[in-house]
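K.L.:
Sequence:
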Amino acid sequence: MIDKHWASAADAVADISDGSSLAVGGFGLSGNPIALIEALLAQGTKDLSVVSNNCGVDDWGLGVLLAARRIRKMTSSYVGENREFERQFLSGELELELTPQGTLAEKLRAGGSGIAAFFTQTGVGTQVAEGGLPRRYAPDGSIAVASPVKDVRTFDNGQGPREYVLEEAITTDFSLVHALAGDRHGNLVFNKAARNFNPLAAMAGRICIAQVEELVEPGVLDPDRIHLPGVFVHRVVEVGRDIPKRIERRTVATEGS
Numbered sequence: 669m670i671d672k673h674w675a676s677a678a679d680a681v682a683d684i685s686d687g688s689s690l691a692v693g694g695f696g697l698s699g700n701p702i703a704l705i706e707a708l709l710a711q712g713t714k715d716l717s718v719v720s721n722n723c724g725v726d727d728w729g730l731g732v733l734l735a736a737r738r739i740r741k742m743t744s745s746y747v748g749e750n751r752e753f754e755r756q757f758l759s760g761e762l763e764l765e766l767t768p769q770g771t772l773a774e775k776l777r778a779g780g781s782g783i784a785a786f787f788t789q790t791g792v793g794t795q796v797a798e799g800g801l802p803r804r805y806a807p808d809g810s811i812a813v814a815s816p817v818k819d820v821r822t823f824d825n826g827q828g829p830r831e832y833v834l835e836e837a838i839t840t841d842f843s844l845v846h847a848l849a850g851d852r853h854g855n856l857v858f859n860k861a862a863r864n865f866n867p868l869a870a871m872a873g874r875i876c877i878a879q880v881e882e883l884v885e886p887g888v889l890d891p892d893r894i895h896l897p898g899v900f901v902h903r904v905v906e907v908g909r910d911i912p913k914r915i916e917r918r919t920v921a922t923e924g925s
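For the sequence shown, our numbering gives the first residue as 669, with consecutive numbering after it.
Cβ pair distances, simulated, as ranges:
(1) VAL884 / GLY799: 43 to 53 Å
(2) GLU916 / ALA675: 30 to 40 Å
(3) ILE911 / ASN825: 43 to 53 Å
(4) GLY770 / GLY826: 19 to 29 Å
(5) GLY770 / ASP819: 13 to 23 Å
Lysine to any residue pairs mimicking SDA-like chemistry, simulated, CA-CA at most 25 Å apart:
(6) LYS741 / LEU758
(7) LYS741 / SER781
(8) LYS714 / TRP674
(9) LYS913 / SER676
(10) LYS714 / VAL732
(11) LYS860 / ARG918
(12) LYS741 / GLU916
These are calculated hints, taken from the structure and not from any lab test.
Positions of the beta carbon are idealized from the N, C-alpha and C atoms, including for glycine.
Modelling step: build the complete structure from the supplied sequences, incorporating the hints.
P.N.:
See the structure below:
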């Protein structure tokens, strides 16, 4: 039997070295693999290139690595909830590859599926395709690194000719994800909104490390209920059902409203 269970988050991330690339699951604060992130923070790994929908908030999720100056580059689709993210980017301390959200999801999925690149209509006629988006600023506020021009081709998919931009797939050295349950073979089940970028990030990592709230024996999970097969997962760490889960914004209505 292939037993992918690891004793602790610290053990599971121990070989993530300086300069590694990571795909990290989560959307906002939902489904953040916080135990693995905190283990990486404690370990002191730096100069990381991270692919994730966003960078958490100032004191949670990937935001804790950012605040400790451990992240060199972010590939994301959203910046808005993290002031330190904004500050580091505008000051030239952080490189940012801003990517449309659906394109980012497909880049991760394609990478995990062995697809080198794909064409999409998203971004045609904008700086996404035409280049010039700031990726890193200089200290004086000028653009030090800009996005490149991408290949645009015309295809007729039965609805007339349309332009499409070529997007390259993403693969990373490691991926960090959070799941509700997993077995010792690495099969994972995600809970509701935590099934966001987690399966896609898991696919893109050459070594996928999953924190699970509950670890079960092989055969316990209903095969029809499994969201990600164990072929994509290499290490599983049980973190318990009581692991903290932050809510990014809580909105409540008054009674009768």
